[in-house]
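*Asks:* Chains A and B are the protein sequences, given in the same order.
The numbers in the first sequence follow the numbering used here, run straight up by one, and end at 112.
The numbers in the second sequence follow the numbering used here, run straight up by one, and end at 457.
What the hints contain is simulated information worked out from the structure, not anything from laboratory work.
Small disclaimer: the values here were computed from a predicted structure and weren't measured.
Treat each hint with caution, since some may be false.
[Said to hold, decoys possible] Simulated restraints on C-beta separations:
#1 B/Asp395 with A/Ser21: 19 to 29 Å
#2 A/Thr36 with B/Leu100: 17 to 27 Å
#3 B/Asp440 with A/Lys82: 29 to 39 Å
#4 B/Asn118 with A/Lys82: 24 to 34 Å
#5 B/Lys441 with A/Asp34: 19 to 29 Å
#6 A/Thr36 with B/Lys316: 30 to 40 Å
#7 A/Ser21 with B/Gln442: 44 to 54 Å
No residue lacks a Cβ here, since even glycine has one placed at the ideal position from N, Cα and C.
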Amino acid sequence: MSEENWIEVGSIDSIEEEDLIRFDHQDKTFCVYRLTDGFYATDGICTHEAVHLEDGLVMDDEIECPMHQGIFNIKSGEALSPPACEDLKTYPVKVDNDKIFIKID
Amino acid sequence: MKNNIIILGGGQAGIYAAREIRQNDTESNIKILGEENLLPYERPPLSKDFLLDKKNEEDLYFHSSDILKNENIDFENILINKVDFEHKKLFSKNEDVYTYDTLLISTGSDNKRLSLNNNLNDDVYYLRNLEEAKIIKEKVSDKNKITIIGGGFIGLEIASSLSQLQKKVTVIEIGNQLMGRIIPKQIADLVQKTHLENGNKIILNKQIDKITKKNGIYEILLSDNSLIQTDFIIAGIGSTPSVKLFENTNLKLDNGIVTNQFCETSIKDVYAAGDVCNFYHPFYERNMRLESYQHAQNHGICAGKNIAGVKTEYNSIPWMWSDQFNLNLQLTGICDDYDEIIERGNDINNGVIYFFLKNKKIRGACGVGIVGKVGRDIRITSKLTEKNTIIDKQILLDQNQKLNKLIQK
Numbered sequence: 008m009s010e011e012n013w014i015e016v017g018s019i020d021s022i023e024e025e026d027l028i029r030f031d032h033q034d035k036t037f038c039v040y041r042l043t044d045g046f047y048a049t050d051g052i053c054t055h056e057a058v059h060l061e062d063g064l065v066m067d068d069e070i071e072c073p074m075h076q077g078i079f080n081i082k083s084g085e086a087l088s089p090p091a092c093e094d095l096k097t098y099p100v101k102v103d104n105d106k107i108f109i110k111i112d
Numbered sequence: 049m050k051n052n053i054i055i056l057g058g059g060q061a062g063i064y065a066a067r068e069i070r071q072n073d074t075e076s077n078i079k080i081l082g083e084e085n086l087l088p089y090e091r092p093p094l095s096k097d098f099l100l101d102k103k104n105e106e107d108l109y110f111h112s113s114d115i116l117k118n119e120n121i122d123f124e125n126i127l128i129n130k131v132d133f134e135h136k137k138l139f140s141k142n143e144d145v146y147t148y149d150t151l152l153i154s155t156g157s158d159n160k161r162l163s164l165n166n167n168l169n170d171d172v173y174y175l176r177n178l179e180e181a182k183i184i185k186e187k188v189s190d191k192n193k194i195t196i197i198g199g200g201f202i203g204l205e206i207a208s209s210l211s212q213l214q215k216k217v218t219v220i221e222i223g224n225q226l227m228g229r230i231i232p233k234q235i236a237d238l239v240q241k242t243h244l245e246n247g248n249k250i251i252l253n254k255q256i257d258k259i260t261k262k263n264g265i266y267e268i269l270l271s272d273n274s275l276i277q278t279d280f281i282i283a284g285i286g287s288t289p290s291v292k293l294f295e296n297t298n299l300k301l302d303n304g305i306v307t308n309q310f311c312e313t314s315i316k317d318v319y320a321a322g323d324v325c326n327f328y329h330p331f332y333e334r335n336m337r338l339e340s341y342q343h344a345q346n347h348g349i350c351a352g353k354n355i356a357g358v359k360t361e362y363n364s365i366p367w368m369w370s371d372q373f374n375l376n377l378q379l380t381g382i383c384d385d386y387d388e389i390i391e392r393g394n395d396i397n398n399g400v401i402y403f404f405l406k407n408k409k410i411r412g413a414c415g416v417g418i419v420g421k422v423g424r425d426i427r428i429t430s431k432l433t434e435k436n437t438i439i440d441k442q443i444l445l446d447q448n449q450k451l452n453k454l455i456q457k
């Protein structure tokens with residue numbers, strides 16, 4: 008893993024617990040989550056239809072799409088409930104000096 | 049014990065029931081009998097992404113044939129035309145006999161049809177299945193003026209799609225608002241505004257008196273004597289439960305197959321699930337019939353559990369959506385039994401939701417907004433409804449306050 012692929016998202020205070028923020032970088036968009044046990048990141052767009060998950064509901068380890076209630080596991084990206092059936096891509100996250108970074112490949 | 053379980057109806061409720069039975073019962077034979085020669089597929093995209101070429105046939109199937117094979121679920125394309133509940137047998141047109149120990153009926157619903165007093169009945173198109181969607185897609189390709197009879201979900205979704213395909217669309221609705229059967233007028237008016245802004249013509253409060261055809265062009269005469277000329281007609285005027293097969297049997301019917309909260313019908317070992325049921329909902333303490341994606345799935349799963357011996361009450365709070373242009377409309381619960389309405393938001397760009405309360409508890413809510421803007425609040429509302437939460441109205445009213453505050457209390 009090369010260091011330069013870690014992209015700064017923002018301060019850890021920018022996300023409330025059990026919530027997410029949208030993060031755009033170059034031509035890609037992501038969701039960065041704060042769960043009770045840490046920070047996680049996934050692709051921003053639902054795999055079912057082109058809607059951003061930033062307006063979705065975070066419950067425990069799951070993100071639910073605001074359009075059709077497809078549910079994904081935030082940590083693994085696994086599609087858990089129809090109409091979503093394709094998994095969501097996840098990205099490594101680290102916290103350094105109270106700042107969140109995600110590793111984009 | 050190894051049983052012969054037959055699922056009559058190869059739609060969403062049927063396939064979800066089959067897989068749920070298999071999760072709880074590895075021994076029994078499970079066979080789905082479907083009228084269409086297709087594995088169970090998703091219907092919502094038919095009026096939207098399929099017409100718009102954003103999704104094709106392969107994208108629609110719930111599960112591959114491999115999954116069914118792995119789970120030892122048989123699927124057979126066959127038309128059943130007689131049922132003998134007493135001897136637990138189904139008969140096909142060709143006299144094939146299917147014997148069951150347990151039967152699940154998930155035959156869905158059929159489109160209501162216009163009855164025209166001339167030979168133009170076949171000139172009006174309907175959309176319920178993939179074949180019909182394919183035909184409409186092909187036929188409209190060289191047409192310009194399209195008229196849609198019926199301003200319900202399906203009609204408006206088609207109107208939205210065809211408008212995006214640069215067609216001139218007119219929607220004729222007999223009622224005084226769009227989607228009047230279940231959507232509150234306040235929300236329907238916002239959706240109507242978007243259709244108008246996108247160039248669709250909406251005609252309310254008018255009946256069709258007559259349709260004639262001259263030189264390949266249709267003329268629709270309305271009850272106020274106005275005349276609409278159009279190249280193509282699609283009707284979406286509601287549906288009826290598919291119960292024709294059971295009309296002269298002992299199965300209790302009343303706006304569908306009457307079932308209790310366990311998906312049991314009036315006949316022992318016969319269950320029903322999905323659109324075809326008029327089921328008892330213990331939370332709302334009344335019977336209802338629903339036609340929605342979430343209901344077909346969850347009711348199928350519930351029936352599957354009960355068939356497999358896992359006694360499970362169906363208590364799912366209803367939820368449905370419609371996508372039209374860049375709007376996503378959602379409804380949860382029921383919005384026709386309330387003593388108070390609370391409005392959250394007034395700008396469609398941020399989402400507008402109407403909550404319907406009774407005795408300070410939410411019974412239902414309906415919202416519309418640019419895609420993504422109402423889903424989270426509607427989902428939280430389902431949870432608040434389910435938990436019978438006494439609501440702090442100030443939070444509901446104020447779009448700056450997050451609704452999950454209400455859940456945590």
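*Asks:* Indicate, hint by hint, whether the structure satisfies it.
*Replies:* Checked hints:
At roughly 25 Å, the beta-carbon separation of B/Asp395 and A/Ser21 lies within the given 19 to 29 Å, and the hint holds. Remark: the range hint 17 to 27 Å for A/Thr36 to B/Leu100 is upheld by a beta-carbon distance near 23 Å. A beta carbon spacing of about 33 Å between B/Asp440 and A/Lys82 agrees with the range 29 to 39 Å that was offered as a hint. Judged by the Cβ atoms, the range 24 to 34 Å given for B/Asn118 and A/Lys82 holds: they are separated by roughly 27 Å.
A C-beta distance of roughly 43 Å is found between B/Lys441 and A/Asp34, which places it outside the suggested range of 19 to 29 Å. Checked against the given bound of 30 to 40 Å, the beta carbons of A/Thr36 and B/Lys316, roughly 55 Å apart, lie outside it. For the hinted restraint 44 to 54 Å between A/Ser21 and B/Gln442, the CB-CB distance of approximately 27 Å leaves it violated.
Of the hints listed earlier, those the structure fails to meet are numbers 5, 6 and 7, in rising order.
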